[in-house]
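Visitor: Residue numbers (my numbering), protein chains in the order written: chain A, -15 to 270; chain B, 1024 to 1341; chain C, 2 to 265; chain D, 5 to 371; chain E, 5 to 371.
The set of hints was computed from the structure by calculation and includes no laboratory data. Treat the hints with care, since some could be wrong.
What the hints assert, rightly or not - DSSO-like cross-link-like pairs, simulated, lysine-lysine; straight-line CA separation at most 30 angstroms:
#1 Lys134/A - Lys1341/B
#2 Lys228/C - Lys1341/B
#3 Lys1151/B - Lys228/C
#4 Lys119/E - Lys23/D
#5 Lys134/A - Lys228/C
#6 Lys138/D - Lys98/C
#7 Lys1187/B - Lys32/A
#8 Lys80/E - Lys23/E
#9 Lys228/C - Lys1239/B
#10 Lys1323/B - Lys228/C
#11 Lys138/D - Lys80/E
#12 Lys23/E - Lys119/D
#13 Lys134/A - Lys1187/B
#14 Lys1151/B - Lys134/A
#15 Lys1113/B - Lys228/C
#16 Lys112/D - Lys180/A
#17 Lys23/E - Lys138/D
#18 Lys119/D - Lys180/A
#19 Lys134/A - Lys1340/B
#20 Lys228/C - Lys1340/B
#21 Lys183/D - Lys119/D
#22 Lys180/A - Lys98/C
Here the structure is a predicted model, which means the values were calculated and not measured.
Below, each chain spelled out in residue letters.
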Amino acid sequence: MLRRIAPPLVPVVIVLLIFVVAPMLWVFRTSFNELVDGAYMVDALTLKNYTRFLGNPWYLMNTLWFSIRIAVVTTAISVVCAYPVALYVARTHGLQRNILMTLIMAPLLIGLVTLVYGWIVIFRGGGLLNSLMIALHVYDEPVRYMWNIKGVVILLVYIGTPYIVLSLLDSIEKISPYLVEAARNVGASRWTAFWKIVFPLTMPGLYAGLVIVFSLNFAAFAVPLMVGDTSTQMIGLVIYREALLNNDLPFASALSVIMIAVNALILVGMAALFGRLILRKLESDR
Amino acid sequence: QDCALRVTTWGGSYQATYEMVAEKFEQEHNCEIQWVVGSSPDHLIKSRLGQVDVTTNTLLNSIAGEKEGLWMELDASKIPNMANLYDNAKYSPYTIFANVGDYVLAYNTDHIPDAPESWDALWNPDYKNHVLIYGFDHIPTLSLMVLKAEQGGGGVDEIEPGLKRMAELVNSGNLIGGLDVESQMVSLFQTEDAWLGMLATGRMKELLGKGVTNVKFTRPEEGTFPLITTINIPKTANDPAMAAAFVDYILSPEVQLAFATRNLYAPTVKNAPIPEDFEFGDLLVQNEAFGRLFLPDQEKITAHKAEWQQELNEMTKK
Amino acid sequence: MTRFDLGGMALRLFTALMMLFLIFPIGVTLIVSLNPREFLLPPTGITFEWFRAAWTSETFLRGMGVSLVLGVSASLIANALALPASMALVRNEFRGKGAVSLFIMSPMLIPTTIFSLALYIYFVRIGYGSGLLPLLVGHTIHVLPFAMRIQSASLHRFDPSLEEAARNVGAGRLRTLVSITLPTIRTGLVSSFALCFILSWNDFPISVFLAPPGWTPLPVELFSYIKFQYDAVAAALASSLIVLSAIAMVLIDRFAGLRRVMRG
Amino acid sequence: MSDHAIQVNGIQKLYGTVKAVDDVSFDVRQGEFTSLLGPSGCGKTTTLRMIAGFIDPSGGSIRINGREVTHLPPDKRDVGFVFQNYALWPHMTVAENVAFGLKLRRKKRAFIRNKIEEVLAVTGLTGYEDRLPKRLSGGQQQRVALARALALEPQLLLMDEPLSNLDRALRVSMRRELKQLQSRMKMTTLYVTHDQEEALSMSNRVVIMNGGRVEQIAEPYALYEAPASSFVADFVGITNFFEGTLVQCADGWDEVRLASGQVLKARAGEASAGKPGDVVRALIRPERIILLAEPEDGPNVLGGRVELSEYFGAVLRYTIRLDSGDVLRLEVHNFDRFLENGAPVQVRVPPEHLRVIPLDGRGRDAA
Amino acid sequence: MSDHAIQVNGIQKLYGTVKAVDDVSFDVRQGEFTSLLGPSGCGKTTTLRMIAGFIDPSGGSIRINGREVTHLPPDKRDVGFVFQNYALWPHMTVAENVAFGLKLRRKKRAFIRNKIEEVLAVTGLTGYEDRLPKRLSGGQQQRVALARALALEPQLLLMDEPLSNLDRALRVSMRRELKQLQSRMKMTTLYVTHDQEEALSMSNRVVIMNGGRVEQIAEPYALYEAPASSFVADFVGITNFFEGTLVQCADGWDEVRLASGQVLKARAGEASAGKPGDVVRALIRPERIILLAEPEDGPNVLGGRVELSEYFGAVLRYTIRLDSGDVLRLEVHNFDRFLENGAPVQVRVPPEHLRVIPLDGRGRDAA
Ligand SMILES: Nc1ncnc2c1ncn2[C@@H]1O[C@H](COP(=O)(O)OP(=O)(O)OP(=O)(O)O)[C@@H](O)[C@H]1O
Ligand SMILES: Nc1ncnc2c1ncn2[C@@H]1O[C@H](COP(=O)(O)OP(=O)(O)OP(=O)(O)O)[C@@H](O)[C@H]1O
Ligand SMILES: NCCCCNCCCN
Ligand SMILES: [Mg+2]
Ligand SMILES: [Mg+2]
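Construct the entire structure; sequences and hints are all you get.
Guide: Spelled out as structure tokens, the structure:
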């Protein structure tokens, strides 16, 4: 067994050992250092950075827990947005397929900063959406869609959706139409056939998409930085600020260690859940 | 030619000016300049790791670096132009100001016909949803907070009153937001979403350059907040002599004038007078405007801003 | 063949709405890039000035070139590393599989800011502070887990007898991989590559630290530019990119179509 | 309820320019067991799939129990279906595959449990409840596909080669089970098979298809004994053909002169094979030909040599090269000796089992 | 080169606790056509896949042409393989599927073109060159799988039910083609099939498997006429069993008393069936039993009633309920009348075709 699985895994593992584990060991070590005068770091062995985070409910609730919630919510919305699109795209071919794919990927091609400008035009106080809504008398006062939690959610969903479409496509395409026919034949409506056959069989792709988007959103910093406010302090943003703006590498490192641990726990949980539910059954083996 | 000098810069127009003036230096000293482009924080980090010969910096970074002992002393004998610096542009033996801009109060004359006299206008409930400030990582907003603390009987050591006032601002609903991307602020003035707010003089110039006529600026009586570009030479510089020569070159009148006319960063040397007919002369922090800069103790800001942000976040959490 | 269209019309409608949501800001970007007054709507006219500016900016063109090369190389390397690994993980059941899997996914767990900072510091310490290697490594590691995930998804339900059949007619491991496995999971690979490329193409934090002088990727150039001064040049650049990739897609499709025709 | 469980009327299916099914019509009466038989690629699967509603016909109409269903979705047809390629749901165990349709019908759990047990017993899969399909052998998978359809006790069951991967012993027992279920449940069955033994022994009627069209619809005995065309004759069982000219036809007996000059006497069919001088074809089944132990003279006796002998256990089939050069296949049963290849033999072609059919000028069956 | 093309020695395959293949040994001589026959799930596919190198045996060894290959990768074995589930490459057309292996062998383009043409002609697929597999019927796909293997003209060809989805006519012609190719190319063949007609008629030898083990290895005639166990007797062809006690054994003739009291005379086998008083089983094939036209008296004559008649075209099989209560199946060929269910009949069981085998105490074949 070892002889069969080792060779394909060794290159990746070595690359990761050299370029991830080694640098991250430094981060781990740094998390026990101390910042002097808010200016520079000295070697130390203190748990201060950890207690500063873990001992402060604001950090626990308004950054860590807040980030988890935002990541869960935005990932879920993205899935809802992406799934039908992926279903649709999966049955297109050739040119139509390519054009749809370009459009779906377009938001990611043009970069976040430029994108935000597009959204400003739509969502600003006097922007298109507010003008429309006010003209339609849905409400009379402009609603703020940006530089608050709404902006963060909208943008994360927007960016996350194409990733999920991408991860789903292959799984959907691989489903043999016979399997759906067989279900329809025993009396399943389109809807039931979808839920009981298609949906479970897309689990591998869905799982990939969930893991990817959840991790990206959980660690997001650019989005809350650009369109958030003081109440959207996601943990990625806090780490960014402490590490780069406030020079507090020890604290940022401790935050990172905590974040990695939490994220790993969540991923392990997801893997266990999905693995038990479905993935193992679908794995090809010889 | 194997001489190369690594100099940090911000991207965009700052780099453009740098690149323009650098050509002459490269020829004269037969030394190529490699631009290390990035945002302020990485300038410090790269300096720390010995990747840079001359650091174009923010004052906060310079101070942080000083505390770590990162910089070498600037030797006036190797940098003759230092002699022309205004006194307050020599921050320390390690740090000098390369140029100075400021953050002024911009307002839309259609909605606010008379120039506000004080930063307090930001809190005016009439402007609900139409006020812009920089994000809480940015020096103008931090400075405003210190200013408010002082007015409330505290100060940089007793920030509470300032924090309260800023939290009020956040919770008042006046703010469109505290923005990180400066150009968005310009755009929001352009679209008239923003009626009132802080703006760096450089951005003000851009706004006017776009043909906007109903936005004006004023320098409130409490003073404006400086936007200071500092210069340091890391101890680890490969060729300290060449680095010094470059710093000297930055302080030369032609470079000083270039940054003034192109980027609206006012000279820090006495021998670079701005031409009388310069269109945006009043945007430059010259003369009395320079005297009215509100420059709180930067070291203390450095030491405490993380705490302050944190407290403010807690005060404004939802 | 019956398809799984959950009520064809509803699906179509929803997709249309979603597509609208996805491309609206992009449409806005396009309008902005053609509007002499930037994003003051409604547009006051049409100008190609912003496009001209975008396409004559040496910085942007160079940045684009760098990003392209970087994105393609990093995606290729990452996918090449991930492929054998994901095959081994999907197709074998062994103790510690979960741990190995998580380990390979680990770069995804690390906040990018910290990772790029740590990697940068690491490279400087081991004496490789400058040069292209750190940038390439940074991007490759960044996208690697994503390649792993998509590929693993793609390999689930792969019918191993297709490979056996190839081995049986005398194809070696490599040939089987190239001629049978890869084409069969093509959609997955294309997805994986596209995803990796996009991630690299969009990356800011890693590039900021690891890009050596002269090799600044587009997002860094663009961000440095836009951060302080927004004009429609950025919008024009973005619009061009989308139009270009659309054209590329059409060409690829034509080309592939042509090949199919020639193959008879 | 209509007299007919299925009425297929002129259905068609085009794939681009490929006419997979071309104007096919047939009926299946209530409770009947009908087989679709035909060469590979002749359109059996396509026809079946149109009836089940998986494919939209390009033309024609389909009625089930008198109700027009041509464009009804598959879940509204209440028709059982066994897929040629199994189409087992890979994420469900054997039991789950079987239970799925029952759950959709909101059956009680106890009922479902019993039903699973029952159909798995019938298909010889007891003990495999919790296996995933990929962990089963080919034949086991096929049986799950069958069990899945049987569990629903459909009134109308369509099966696409449901036993093709089973060994004979199992196939025989499955056939028996199917027939029993069918008559117990009065289940109408349309059965695609390539196994004519199966088709002949199980069916009330057989529909022979060829190239997308129906060739003949008949009861098994009629099909075998009175095929409507050479194609059917050759496709259903083995047939020996002699070509020649009709020399006489009277008294219910025809005489055919072969190219070799020899004359064969044959029983005249119901329809006249033609008039003297016409080119005809005389047919006889291998099991009807008698291998003579002793040399013999007389009418319809032919000489030749053994060219090939094939042993099938109960049957021994000789391919004989006649002296005329023609090839003849004959089968013996209950034999105790084997003839060597090359051994000279004499055979008798009993006139009462030789049938004559007319030919058109180009050597094909006259229409 | 070794005398044996394949030597399989005690191979084993465990799936968890499932013993899919359990200590299987057999040899295939050069140029020989050997079939693997056995019930669904008995381990045929698994055995074949171990020989081809797709599965690592859990134990035992495999030699091909004398060379130990037990752990050699599949592409180093030079063995043709036809997959039970086809395993066609979905992204390649029919021609590309066939050409792939040839391209790997760096054949000239013209050669490849000719070869494709040739094997597609053999498999009746001419004209389908550019179809993708998913646009073919089941049988057509199966033929592509076969063509793909044949194109390489392997010295050793392993086939896993390669004809299971073909109609009889096509199967017969494909069998003929296969046999011709095999003898022309001196190709050694190991053939998995569930079709005993196929196994008996094509093979030099047949390996009967059951539950992961080998039951018997024999030539077709020996297998059918002298099965080593009741399992083989019943699995290969149909067999009637009578249980009883041996009352006498002398002169090459045994006598068996049935439970009903009747005594049947039988030919004694080579090995003794035992001594008087032993419990034995007497076997006879359905085609050996004679349906008497006229009532008759005498030894080995039994009376009963028709319970079921099955029509297979060339064969009519009656299931008869004997007066003793036993069930007897018999087959008639070349028949002209059908007996009604319930009709009284008399049959003779010819002693020379009745074989006696010993039983152990528990009613199973003695080892
Ligand atoms: N991957 C697997 N995991 C567990 N059991 C398996 C697996 N593959 C096959 N088996 C079991 O091993 C036994 C032998 O399987 P194999 O496919 O060799 O049978 P077979 O003789 O080819 O049958 P068939 O005629 O139905 O194709 C079967 O009982 C099957 O259920
Ligand atoms: N999707 C398709 N596109 C084009 N042609 C097809 C398609 N499906 C089937 N055909 C063709 O239609 C014809 C009929 O196919 P069908 O599957 O009905 O045959 P079949 O009678 O079931 O054959 P078999 O006994 O081999 O399974 C075949 O010639 C086949 O090649
Ligand atoms: N292009 C102008 C760049 C000016 C950068 N100034 C730094 C300001 C820090 N807040
Ligand atoms: Mg078919
Ligand atoms: Mg098998």
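Visitor: Next step is simple, just say for each hint if it's right about the structure.
Guide: Hints, one by one, checked against the model:
1. Lys134/A - Lys1341/B: 13 angstroms, holds
2. Lys228/C - Lys1341/B: Holds, because 28 angstroms separates the two Cα atoms, which is no more than 30 angstroms.
3. Lys1151/B - Lys228/C: 26 angstroms, holds
4. Lys119/E - Lys23/D: 28 angstroms, holds
5. Lys134/A - Lys228/C: 22 angstroms, holds
6. Lys138/D - Lys98/C: Answer holds: Lys138/D to Lys98/C is near 21 angstroms, not above 30 angstroms.
7. Lys1187/B - Lys32/A: Holds. Lys1187/B to Lys32/A sits at ~27 angstroms (cutoff 30 angstroms).
8. Lys80/E - Lys23/E: Holds, at roughly 27 angstroms.
9. Lys228/C - Lys1239/B: 22 angstroms, holds
10. Lys1323/B - Lys228/C: 27 angstroms, holds
11. Lys138/D - Lys80/E: 27 angstroms, holds
12. Lys23/E - Lys119/D: Answer holds: Lys23/E to Lys119/D is near 28 angstroms, not above 30 angstroms.
13. Lys134/A - Lys1187/B: With Cα atoms ~25 angstroms apart, Lys134/A and Lys1187/B stay inside 30 angstroms; holds.
14. Lys1151/B - Lys134/A: 19 angstroms, holds
15. Lys1113/B - Lys228/C: 29 angstroms, holds
16. Lys112/D - Lys180/A: 19 angstroms, holds
17. Lys23/E - Lys138/D: The given pair, whose Cα atoms are some 16 angstroms apart, holds under the 30 angstroms limit.
18. Lys119/D - Lys180/A: Satisfied, since the Cα-Cα distance of roughly 21 angstroms is no more than 30 angstroms.
19. Lys134/A - Lys1340/B: 15 angstroms, holds
20. Lys228/C - Lys1340/B: Status holds; Cα separation ~27 angstroms.
21. Lys183/D - Lys119/D: Given pair Lys183/D, Lys119/D holds - Cα atoms ~18 angstroms apart, limit 30 angstroms.
22. Lys180/A - Lys98/C: Answer holds: Lys180/A to Lys98/C is near 28 angstroms, not above 30 angstroms.
When held up to the earlier numbered hints, the structure conflicts with none and fits them all.
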